[in-house]
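A.B. asks: The primary structure of each chain is shown beneath.
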Amino acid sequence: MRQRQVVQGTRRAREFEAFVAGASGRLLHTATLLTAEAPDDNPRARRLLTLALAHTYACWDRLRGEDPYDRARQYLALRFAHGAWRRHGLLLRGRTHPTSPLALLTPQERLIVVLRLYEGVAEEQAAALLGLPTERVRIMCDRATASLLHPPRATAPAVVGAKAKVAAS
Amino acid sequence: MNRSQREAAVRQLMERASPQVPADLYGDVVRRGTRMLRRRVVARRLMWLALFAASVAFAVWALTARPWVEPPSTTTPPMTGW
Numbered sequence: 000m001r002q003r004q005v006v007q008g009t010r011r012a013r014e015f016e017a018f019v020a021g022a023s024g025r026l027l028h029t030a031t032l033l034t035a036e037a038p039d040d041n042p043r044a045r046r047l048l049t050l051a052l053a054h055t056y057a058c059w060d061r062l063r064g065e066d067p068y069d070r071a072r073q074y075l076a077l078r079f080a081h082g083a084w085r086r087h088g089l090l091l092r093g094r095t096h097p098t099s100p101l102a103l104l105t106p107q108e109r110l111i112v113v114l115r116l117y118e119g120v121a122e123e124q125a126a127a128l129l130g131l132p133t134e135r136v137r138i139m140c141d142r143a144t145a146s147l148l149h150p151p152r153a154t155a156p157a158v159v160g161a162k163a164k165v166a167a168s
Numbered sequence: 000m001n002r003s004q005r006e007a008a009v010r011q012l013m014e015r016a017s018p019q020v021p022a023d024l025y026g027d028v029v030r031r032g033t034r035m036l037r038r039r040v041v042a043r044r045l046m047w048l049a050l051f052a053a054s055v056a057f058a059v060w061a062l063t064a065r066p067w068v069e070p071p072s073t074t075t076p077p078m079t080g081w
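Chain order of the listed sequences is A and B. In terms of numbering that gives the first Met the number 0, the first sequence is residues 0 to 168. In terms of numbering that gives the first Met the number 0, the second sequence is residues 0 to 81.
Derived from the structure by calculation, the hints contain no laboratory data. There may be inaccurate statements among the hints.
Stated by the list, open to error - Ranges of calculated distance between the beta carbons of each label pair, as one might list FRET restraints: (1) 98/A - 10/B: 16 to 26 Å; (2) 16/A - 41/B: 42 to 52 Å; (3) 38/B - 6/A: 18 to 28 Å.
Stated by the list, open to error - Some, not all, of what chain B presents toward chain A, calculated at C-beta under 7 Å: (4) 1; (5) 6; (6) 35.
Fair warning: this is a prediction, and the values are worked out from it, not measured in the lab. From the three backbone atoms N, C-alpha and C, an ideal C-beta is built for every residue, glycine too.
With the sequences and hints as input, model every part of the structure.
C.D. replies: What follows is the structure in C-alpha cells.
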C-alpha cells in the first residue's frame with residue numbers, strides 16, 4: 000500500500016515536471032505580454048507564472064482528464080485580471096515597459112488580445128472566462144488590434160480619452 | 000487590410016521577443032504547490048473539527064434542555080384536594 004503510494008507520487012512528480020518543462024516557456028511569454036514588461040526583466044510575470052503553476056500542482060490529482068495547460072492559463076488570466084482591477088490601472092500603466100509590444104494598451108485590452116490572438120482562445124470562452132458579453136470582447140479585440148497597428152502619434156489624445164471616460168463614469 | 004491579416008500582424012508583433020524561463024522555477028512551483036496543498040488539508044481538518052464540536056455541543060444542549068418535552072402549564076392552578 001505504502002509502496003504503491005510512493006510509486007504514484009514519483010509518477011505524478013515526473014508528469015508534473017514534464018508539464019512544467021513543456022508549458023512554462025509559452026506561459027511565461029503570455030504572462031510577460033500581459034504585464035507588458037521587458038523580456039529580460041519580468042518579476043511580475045514570473046510571479047504570475049509561479050502562482051499559476053503552483054495552483055496547477057495543487058489540483059493536479061483532481062484534473063480528471065482536463066487539460067492542465069488550460070487550467071494554468073485560466074488561473075493566470077484570472078489572477079492578472081484580479082490584480083489589474085485591484086490596482087485600477089494607474090500604477091500598472093506606469094510600470095509597463097516601452098519595449099513591450101502591448102505597452103500602449105490597457106490591462107484589460109492586453110488580456111483580451113493575448114487570450115484571443117496569442118493563445119487562440121475562442122471568443123465565447125474568453126468572454127465566459129472574463130464575465131463579459133461576447134460582443135464586447137470582439138469590439139475590444141478589434142479596437143486593440145487597430146491601435147496596435149496604427150499607434151496614436153502623441154499620448155495627449157489617450158490622456159484626454161481617459162479623462163473623458165473618468166468624467167463619464 | 001482585412002481582419003485576418005490584421006490579426007496575423009498582431010500575432011507576429013507579439014511573438015517577437017521570448018523571455019527566458021528562470022532555472023529554479025520547478026523547485027519554487029513545487030514548494031508553493033505543496034504549501035497550498037498542506038494549507039488546504041489543514042483547513043479541511045479544521046472545518047471537520049468545528050462541525051464535530053458543533054454537533055457535540057448541540058447534542059449535549061438537547062439532552063439537558065429537552066426542548067421536545069411540553070413545559071408544565073403555568074395558567075391552570077394545580078388541582079388538589081378532591
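A.B. asks: Each hint needs a verdict: does it hold in this structure or not?
C.D. replies: Consistency of the hints with the structure:
no. : hint                    : verdict
1   : 98/A - 10/B: 16 to 26 Å : holds, 18 Å
2   : 16/A - 41/B: 42 to 52 Å : violated, 26 Å
3   : 38/B - 6/A: 18 to 28 Å  : holds, 26 Å
4   : 1                       : violated, 12 Å
5   : 6                       : holds, 6 Å
6   : 35                      : holds, 4 Å
Checked against the numbered hints given earlier, this structure breaks hints 2, 4; the rest are met.
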